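K.L.:
Here is what each chain is made of, one letter per residue.
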Amino acid sequence: MSEQPASAGQASPALGGHAAQAVGSRQEPFIVIKGVVKRYPGVLALDHVDGVIVPGAVVGLLGKNGAGKSTLIKVLAGVVQPDAGELHIDGVHVRLHGPLDASRRGLAVVHQELTDVPNLTVAENIELGLGYPRYVRTFVNRRALRRKAADVLDRLGARIDPKSQLASLSIAERRLVVIARGLATNARLLVLDEPTASLTDEEINHLHEVVRLLRDHGVAVIYVTHRLQEVFAVTDDVAVMRDGKMVFESPTANVARAELIEHITGRKAAAASSPWRPPNGTTPREELLRVENLALPGVVEDASFALRAGDVLGIAGLVGAGRTELARLIFGADIAASGRILVRGRPVKVRGPRDAMRAGIALLPEDRRRQGTVLTFSVRKNITLPTLRRFRVSPPLPLPHFARERQASHELIERLQIKVAHAEHPIGHLSGGNQQKVVLAKWLDSGADVFIFDEPTHGIDVGAKEEVYRLMVGLAEAGRGVIFISSEFPELVGTCNRVVVMREGRLVGEFEDDAITESVLIERCYGG
Amino acid sequence: MAKQSSTDMAVDRVFRRRSASALLLQILSRYGVIVAFALMILVFSLARPHTFPTVTNLKSILTFAAPQMIVALGLTVVLVMQDFDLSIGSMVGLADGAAVALMVYHGVPWPLALALGLGLGVGAGLVNGFLVAILRGNSFIMTLAMATILTGVEYVFTDQAVVFQGVSQGYVNIGANSTLGFSNQVWIALGVALALWALLDTTESGRYMYAIGGNPEAARLSGIRTRTLRVSGFVIVAFAAALVGILLSAAGAGYTPNPGQYLLLPAYAGAFLGAACFRPGEFNIPGTVVGVLFLGTIETGLTLLNLQTYMINLVQGAILIVAVLLSTVAVRRP
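Protein sequences, first through last, are from chains A and B. In terms of this note's numbering, the first sequence opens at residue 1 and continues consecutively. In terms of this note's numbering, the second sequence opens at residue 529 and continues consecutively.
The set of hints was computed from the structure by calculation and includes no laboratory data. It should be emphasised that the depicted structure is a prediction, and the values quoted were computed from it without experimental measurement. Check the hints yourself; a few may be wrong.
Selected chain A positions facing chain B (Cβ under 7 Å, derived; list incomplete) [stated by the list, open to error]:
| id | residue |
| --- | --- |
| 1 | L169 |
| 2 | I171 |
| 3 | A337 |
| 4 | R354 |
| 5 | G372 |
| 6 | T373 |
| 7 | V374 |
| 8 | T376 |
| 9 | L385 |
| 10 | P386 |
| 11 | V393 |
| 12 | P396 |
| 13 | P398 |
Glycine included, each C-beta is placed from N, C-alpha and C at the ideal position.
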């Protein structure tokens, strides 16, 4: 610690702050971020974030989902305009007018999802949008194009044929091509967002070599990841974000793994005061749902667990661990390749969401905009969508009774305290938290006994989160079963009476009552 | 409490100020087509006071518009679910050709020929629905391919030969007769409009169809039978097109090859104009009715003004572009 000059005196942590100081005397910072703020409805995604990015340093950017990492990256990519704060490039105050502007200024972002064009060749992808070399200003000079691409690939030490079709490459190779595209623009800052997702160990090692090579050529790298071992393997400096703030910053060599985990999760976890404990009755609680050896190869492997009445069962895991996929299999949104689902002890054939609903299962999907709501519909029409048959003018006539629908909607709006002027308001105008409550309202009175909440608090504010926790506990108290999928472990610790941990498609641990602690869950998630 | 209401009022003021400027746009987008329609009737009436604003002309516009109307109404149902059907023109021809050929060449009694013509249409709609909703083919290209196939099937029945005699009188009466002063075609179009309005705007299935159009995945995860409903949409539009085929051959007492192709574009134009009124950006039955009548009125009016055909084309195209863009602008700024 003592070797770090002036670190203790710093007012607040900044991205790349130490790297800047370490090399600051020799090199001017490339980018300076000053007090950047970005607000979304109901969420403060970036809360006065500072940062200094110097050439030739690799900064690891850590944080939970929703901590603000991706928003920060989007600001650097020119995709998102900050509400306040400044961006300086080479000492000049700039505004990025879009992705093209950002890339012209030497900022290249490799997004987690591959943003390449599979039906073009490697060379065509690398030089895409940079102006292909041409004969007589018209016809593409393929040879020159290939040579230019080969140069860039050489710099990466990648042995990829520039002539090959992109679609024929492995995911790792495609990622390298996307990185090459960033380099072809003469990028001085390369942002890698979860670059090793779905890569093998060997491929990861190669990628790390590439990163070191780039660093030695004076490129600044921001490396976003959830895997701590990578942070220690490849970064010079780490920065941690939480709730939109930059909360921690240090040279990688000076920080321990446990310390990082503490910073990522927040020591004083803002969780519900006391977790739910089902009453210790003498009668055993009924088993509502049992999943036996459920599998979809490559996604969910051999998952088995049981849910009893009165359970709030958490499923912990990292993004991509297969939690959402497992929920979708149970609900019939996707069809399992093998395994059984039993409801109240009876095997149920789930060939679609309708079968699951008939068996009393409800799924509140993760991506509410794409899967949970019909944005062109009013709040009322969204609420009554899965239960519309209940609002018939008379039971044999399939005609919805408007007044009854409206009354039921108003009751649910009242009960969940959804902030909307009236039920006929389009749902698209509501904030994220209120949209989420509408998705809850859809299923609350559906008569289901098993409720699967997939990331129900994602992107909603603290107050709304508390209400969602209370609602889940309320369902458990009423003898229903709740499955609660979350990447925010404090909320699982603070709410659940049982938690299972998923990693790489498998259930790798189960904890009950007081055995559920954040550190235990994180250890299990990261493979401890 | 007082503080709360004063902030509410401030919010209200801001909201109102913003909406005041948007109000005109909103009214224009919602009722623009209707306002334009009324203006057009006024202009035509002033320009041709003796021929345009007459009962005879009204009847002729309605009769002229009826086949387009029926096809456009059926089309509205698939468009609501964000599907396309480009085979409707060929479906008209298939039912038309098959019914006439069965009567004239094979001596099939006309009620049976009529039923078989409609049945073929429904069958073709089932195939469309199967290709698009079950096998997940792109509706645009699937129905385009089906259009070619269906015209081929039509020619199997008719060998592309024009028929102008031998059609049963009972059959001809369906399309050529009038009831209460209006052509049967107009009454049938009215019936189809009422039935499909009831379906889309008052039933559960209609609500589900709009939900599928709004977000198919959310609809499926809400337990809606999305595939069944999409297939039934294709069957409904196919039935409507086949009905038009019957009416056209009945009204004309004969058959000409590929008789429905001219209906394809007016049907789409009518439905898209319809999506520009009442509920901007959303296909709806009352809108389609207004859209088709609007197009029919323009065509008749411009003809009465003795405009050249090229002029009629230019004006019709321009009106369509303006009307549809207007509704798009309104949707983009909620």
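K.L.:
Next step is simple, just say for each hint if it's right about the structure.
P.N.:
Hint check:
{"no.": "1", "hint": "L169", "verdict": "violated (27 Å)"}
{"no.": "2", "hint": "I171", "verdict": "violated (25 Å)"}
{"no.": "3", "hint": "A337", "verdict": "violated (20 Å)"}
{"no.": "4", "hint": "R354", "verdict": "holds (5 Å)"}
{"no.": "5", "hint": "G372", "verdict": "holds (6 Å)"}
{"no.": "6", "hint": "T373", "verdict": "holds (6 Å)"}
{"no.": "7", "hint": "V374", "verdict": "holds (4 Å)"}
{"no.": "8", "hint": "T376", "verdict": "holds (4 Å)"}
{"no.": "9", "hint": "L385", "verdict": "holds (4 Å)"}
{"no.": "10", "hint": "P386", "verdict": "holds (4 Å)"}
{"no.": "11", "hint": "V393", "verdict": "violated (9 Å)"}
{"no.": "12", "hint": "P396", "verdict": "violated (12 Å)"}
{"no.": "13", "hint": "P398", "verdict": "holds (4 Å)"}
In this structure, the hints that do not hold are numbers 1, 2, 3, 11 and 12, in rising order.
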